[in-house]
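> Those protein sequences? They're chains A and B, same order as listed.
Following this note's numbering, the numbering of the first sequence begins with 4 at its first residue and continues without gaps.
Following this note's numbering, the numbering of the second sequence begins with 413 at its first residue and continues without gaps.
Please note: incorrect hints may appear among the correct ones.
Stated by the list, open to error - With the Cβ distance kept under 8 Å, some of the chain B side facing chain A (calculated, not the full set):
#	residue
1	Leu556
2	Phe576
3	Leu579
4	Ile580
5	Met592
6	Ile604
7	Ile605
8	Val634
9	Arg677
10	Leu685
11	Phe686
12	Ser688
13	Ser691
14	Gly700
15	Trp705
16	Ala713
To be verified - Covered stretches of chain A, as calculated for chain B (at least 3 residues, CB under 8 Å):
#	segment
17	22 to 35
18	41 to 51
Worth flagging that the hints you see were computed from the coordinates, not collected in a lab.
Where a beta carbon is used, it is the ideal one built from N, C-alpha and C, also for glycine.
The chain contents come next:
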Amino acid sequence: MTNPQDNQKVPWGQQLFERPLLLLGLGLLVMFVFYTIWGLIEIFSLPQATLP
Amino acid sequence: MSASILEKFRVCGVTGLKVDPKAETLIKMNAVVAVVCFLIGVSAAIGLVLTRWEAVHALDAMMYYRFLTLHGLNMLIFFIIFFEMAVLYFAAPVLINGRLPAPFVGWIAFALMVIGAIMVDTMVFQGKADVLFTSYPPLKADPLYYLGIILFAVGALTVVLHFFGSLIINKREGSYTGGMPLVTFGALTAAIIAVITLLHGALIYIPTFLWSIGLLEMDAQVYRLIFWGLGHSSQQINVAAMVAIWYFLAAITVGGVVLNEKISRTAFVLYILFISMASAHHLLVDPGMGAAWKVWNTSYAMYLAVLASMIHGFTVPAGIELGQRLRGYVNGTFDWLRRAPWSDPGFSGLVLSVIIFGFFGGITGVTIGTEQINIIAHNTLRIPGHFHVTVVGGTALAFMAVTYYVLPLIFQRRVAFWGMAKLQPYVFGIGITIMGIGMSFLGSFGIPRRHWDSTFANAPFPVEVHPAVNLLQAVFGIGGLMAAVGGLMFVAIAVVSVFFGKRVTKEAIESGASGLPPGVLKLPAQTHSGVAVRKVHDAGAPGTMILVFIFLACFVVYYFVNWKVLSFLWKIG
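So here's chain B without its partners, still in its complex pose (with noise of 0.2 Å):
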């Protein structure tokens, strides 16, 4: 790399990493839109919230599919894959001290995808888009709204092969010495998936589009078959974006150790293998696959992705276990969780994601994806139930966490509110837990995902509801809420930290000012090798062995539970 390049770069005071500011300006951008698109469907959820529970059902059915919508765009698709690009650009160039090849091409690709998301957004407000997230035909929304998801598509797909690019180019030029960083590697494996997404994503939406204007016939299975190529596997970059994430903060929030490369890198390796395959749980009560197709796809290849969450749910926890041990704090088992930062939102943010996604998302997710057991969870609000404890509980915590350090570190800003930062993660955490169990139940009692109205009011026969419904449905809205006010409170405190925070200054820095997280102040020591570090690896990691053994005893009671259940629908004798 060039000595008037490197001249240009900002080298960050608490880090070291050399910045290309032409990175850093993208990262924002891209940042500063997630949240805009974040803040539109935590919006659409408040009244999506207060239907569903129905002793408000306060939209109408017209408005509520709109929301629906809405929410599911802006949440599963617009604000996190955004939030994804800014994640790339930070792990390569930022983390592998490289340039940007291509700045201009990371602006393209950006107002690709800021028209694509506009033109969408547009579409579903003018109400020529009802069709939900899935858009399955025959329902059909105006041409400008698959053409708006196609720009998207491109503008992603465009980032995506840019950060490849940047890895090849950067390598070459020597930014970095031997291995990738872990947590590039992780965003290498998001950014790999996210090319088998929206391959699929091309190959739906193009045919769509055509049918959308009259030039093509839809195949509705077909449509169902590659549109969860997309759908799903787009939550599968989440995973391995949230996972890059956890490694990031563990190192920075506590000195958290890699407890083996090699085990990490293997994990995320499955999950480029195999994790896309889990698109087949949405086609398990489908007719036009077969049994073979849909076991193959959704257990034993699978378990190999699941393998590979469960891999990263140790050596996470495990790292932080090493990384507060080593920081001195090795009395007992639980020593190093006790005095752990729980006051930094970077870290409650990460524990949260870590349990919440691991304990109610994980479990539930794979025993919902056995083919036998779905057929009672299957588009009932035990879905919804499982993805909100994944997708939000997990990776938009995760993302909501490390922006506690991307704002200082990257806007170089305080955190405003800093107060409010603290609770921030517990709020929303919390929140999202109580309303996933309480869909989980919800769809336990047999009350179906998207509907209306849960109640069947205008059905021609009568259709009885479990009295707990009722219940179960204000817990579900209490908890929807609490989520809904979190994420509001994190969008108040990105906002204005943004547009409105103190800038980070080394005073600041020195003096403790207030809106500076613990890593940020002071970075922990990032020991890789030495005595310490061998000595804490002999010791292991007792305190994380209990945890993964509580877990794997819910996993198997849980698990047991529904065969058990599944059972008394054909009874025998």
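Bound conformation, chain A alone (with noise of 0.2 Å):
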């Protein structure tokens, strides 16, 4: 099978996305500011409830 790419010029944006690392931190830093801290901030500061 080949690489329709093969020895070919690759565009800049795809250089720039062909970086597993960067593409890792991004990935990680969506998720973690947007789902996880948010969510955890969003428990941490309810209020205690009041029990009657």
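Build the complex: two chains, separate frames, hints provided.
Quick look at the structure:
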């Protein structure tokens, strides 16, 4: 099987996104900021329930 | 790369790829264990189907929850992730003609994963972990159960890091020039989502292990938040791996064309950035989370990942259409589809996977993932109805389809029971679709997920169940059993092929022997440039466009109907 991009000049945008560690960093950042950390802030900022 | 290493590589007679035998062995081992886990999962599934079908109601409550735990872990985690590890070893180094940088690391990781899976299954079989896949506190399992999951996760994370190393080292050594192949890029996407997933796994299972031995307190809401960063994201690894396999199968079965590299790669990047947020769907009715967090994570940002799925859902079939047109099937709008190799299980599995995932899984997922609509679906059978058509009808079926090519290309064995193999994707795909539809409608009638007794026979208050539920349970049961038969057919074919299958030889390929898919007998031309390609690109993909608009119409109708049903909850005036 051949790769259509064999021996071809790779566009700069693709070169940028072919860096595994850069993509990994971005993926972790978005998930941890918007889901995990924001979620934890929501939980820990809940007021204590007043029991009857 | 040194010549002595290259000499040990096997050159694939079909694809021309240079295969590092050390990577090949790890692919085989991971794939074999994946099939074993699948067999355990299917066996448990039969018990579950025959219990939730109230007319049969085979298992008692304790065994039901034990089987449910076993089914969830073996299907959603062990089968899928072992297979994905095989996919990673295939994507790099095999697809990039490179070497495996540290084979011993691969073996250590494999051992950790196997030991972890055995520990978990043993605890479940012994009745020390009847906590379901979710293991929500305060349900507590034996500490060895949590330790098993941690070992499995560490092993999987090691494979993923090894994969990153493989990409970087092979690029540096010049194993491939130009850009990374699209399939490898899809696998990279899956690997990154795997890191996100496994880090959440570590964040929640290490404290839970400490909680299980009495060293730590556990907050149920924090557990749910972090657990779903693992529980749902693990299914997003599947999506990325499945899409990568779609592109691979399209190329190898019909010479599928990549419509636009930029678009497909951008869609993968959207997955990396936004798909894991879908974990928030599971917390949509949790009082601890605010509306802004819920809406952002399940709607605005997450829709960018939905956009990515819709892009792949268009580019893969359009690539198949263009590939078929390049092969000469140019008459009319659907000649390319009619004359596709429907008796090739690799192709039929691919198409069924795209349809089931997109039409049934995608539409239901986006709809019930909407915060407002979720209130009429949450914790009902609609949810497993949705994920059985995505994970099973989509991912598992794609994995089965690619297995029909892995067997001759990697195991170098002809596919056993070839006649049965041609039927298997249809039996499995149609069965799981019927089951998913049954579950979805049962959920619409308020039948809960997970619960042993849908009738609530011993509840202190009477629960009215709509009479249609009995019929739908039969639909669900028949579909589930049909899918189980399809699953067992797959296991039989895979096991017999691997251990007793005839070897693939040049003569067998040249004579068109049974057990070899058409793409192995004659690899379709992989045409990426030239006048002919420009011509088919210019002509577009009219057949796929029609299918896409049918899809969008179904989406609009289903979405509207759900809002309409929601409006019945709060009658005004």
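> Determine for every hint whether it applies to the structure shown.
Hint check results:
| no. | hint | result |
| --- | --- | --- |
| 1 | Leu556 | 27 Å, violated |
| 2 | Phe576 | 5 Å, holds |
| 3 | Leu579 | 6 Å, holds |
| 4 | Ile580 | 7 Å, holds |
| 5 | Met592 | 5 Å, holds |
| 6 | Ile604 | 5 Å, holds |
| 7 | Ile605 | 7 Å, holds |
| 8 | Val634 | 6 Å, holds |
| 9 | Arg677 | 6 Å, holds |
| 10 | Leu685 | 5 Å, holds |
| 11 | Phe686 | 7 Å, holds |
| 12 | Ser688 | 5 Å, holds |
| 13 | Ser691 | 6 Å, holds |
| 14 | Gly700 | 5 Å, holds |
| 15 | Trp705 | 5 Å, holds |
| 16 | Ala713 | 6 Å, holds |
| 17 | 22 to 35 | holds (count 9) |
| 18 | 41 to 51 | holds (count 6) |
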